[in-house]
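Respectively, the protein sequence lines represent chains A and B. Following my numbering, the numbering of the first sequence begins with 108 at its first residue and continues without gaps. Following my numbering, the numbering of the second sequence begins with -10 at its first residue and continues without gaps.
If you are wondering where the hints come from, they were derived from the structure by calculation, not from laboratory data. One should not assume that every hint holds.
[Stated by the list, open to error] Partial selection, computed: residues in chain A whose CB lies under 7 Å from chain B:
(1) 158
(2) 165
(3) 224
[Claimed, not checked] Each computed DMTMM-like pair below joins lysine to aspartate or glutamate, with the alpha-carbon atoms no more than 25 Å apart:
(4) A/114 x A/159
(5) A/268 x A/249
(6) B/7 x A/249
(7) B/27 x A/113
(8) A/114 x A/129
(9) B/13 x A/152
(10) B/13 x A/151
Only a predicted model underlies this, so the values are computations on that prediction, with no experimental measurement involved. Glycine residues also receive a C-beta, built at the ideal position from the N, C-alpha and C atoms.
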Amino acid sequence: MATTSDKQLIKQFLAGNQGAFDAFVRRHQDRIYRLACARLYTADDAVDAAQEVFLRAYKGFKRFHFHAEPFTWLYRTLENVCNEYNRRTVRDRTLTRQLDGVDGLQSYAPDGSEQIQLRQIHQVIGQLPKRQQDVVLLRIFEGMSVEETAKTLKCRQGTVKAHLHKAMNNLRGYFNVMEIETSDYE
Amino acid sequence: MNDDKDTNQRPPLRSLVKQYQEIKAPLGFAERVAAQVKDKAASPAWFTSPWFTSPWLYAASFAVVAMVAVTVVLQMRETEPELQIAQPDKSTQNQNPPVESAPSGDARPKPEEIRIAKHQQPPPPQPDRAKQNLPAYQPDNQQTAGGGYSNLAVLSDVSDWLALEESIAVPDFSDLPPLSEIDGLSDAT
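Full structure from sequences and hints, please.
The following block contains the structure:
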């Protein structure tokens, strides 16, 4: 089953094989969860968002036309879900701040080691514009190839390389200059 | 100095990437998704269908309600002017009060009352009636003050005089061309 491609799994799921969808979830759950962690404030929100992504996939795969890779579809759905969560979180933080008179961020303050890692990742990602964030997350943090990144972001490989180069230049101001070897990723 | 210290506290990118890649989904994540999927599948399909949750459905419902409301208002506005036209004016109403007075709660007269009020209005004066009221011709007064006889002397009755008046039809010269366009007439002048 592990060698079955994503498209074949979805075809089996659409044919009525529920186990194919479970296998699809197990294959992508870690990556979707990590990407959700990189975009959301807390790990709890990331779990909920990742579940929401797969629920939407369960309903939306009936309209899937197999033009793109299923992970591309998942990534787009994840972006939408994370944007909704962030809007809601900002609204709740503003409301909490207004009600309590304190910074609402305290209620979302990370305390575990995983949350500290997330905060560091958020600081790195927050240095970059949106498109460069996507490229850095997929190419550097997820370890995807330039081709896979381009397919996921629905752009050309040259565009991915250009965004990556700009992102590396921006991150050099944050990390030690000598630490980042651009040739490793570009 | 502070910047250098801060930079030293920052984890290198590679270690950060390694830590990131060690993050795994919580245990039982796939089972929770499967359970939620089953719950979704158990719920009625129409409730979760995109049509039911689509904002277009609500927009269409609002449009239908608005159309019905506009239609009702237009129909009410169409019926109102008819009543106002059919309502007799105050002067006529004073001279010819309606047979049945309308109930105090409803200011508009009923259609039957309007018809009755219309019939009770005085008819316009007829020109023939004025002609018929002319004084009858007296044959004794045939001789005028000048001593001669007028042409009316041959008419013995008013009805004859009216018949003569009707027989003398005034021709309509409006269709004739102007004098300048009639051949020969301009030469003669």
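Results for each hint:
Given hint, residue 158 of chain A at the interface with chain B, holds; its Cβ is 6 Å from that chain's nearest Cβ, closer than 7 Å. The closest approach between the C-beta of residue 165 of chain A and any C-beta of chain B is roughly 5 Å, which is under the 7 Å cut-off, so the hint is satisfied. With a least beta-carbon distance of about 5 Å to chain B, the hint placing residue 224 of chain A at the interface is held under the 7 Å criterion. Between residue 114 of chain A and residue 159 of chain A the alpha-carbon distance is near 20 Å, which keeps this suggested pair within the 25 Å criterion.
The suggested pairing of residue 268 of chain A with residue 249 of chain A holds, with an alpha-carbon distance near 16 Å, which does not exceed 25 Å. For the hint linking residue 7 of chain B to residue 249 of chain A, the alpha-carbon distance of about 10 Å falls within 25 Å, and the restraint holds. Note on residue 27 of chain B and residue 113 of chain A: the hinted pairing holds, with a Cα-Cα distance of about 21 Å set against a maximum of 25 Å. Under the criterion of a C-alpha separation no larger than 25 Å, the hint pairing residue 114 of chain A with residue 129 of chain A is consistent with the structure, at around 14 Å.
Of the pairs offered as hints, the one joining residue 13 of chain B and residue 152 of chain A holds, with about 15 Å between alpha carbons and a cut-off of 25 Å not exceeded. For the hint linking residue 13 of chain B to residue 151 of chain A, the alpha-carbon distance of about 13 Å falls within 25 Å, and the restraint holds.
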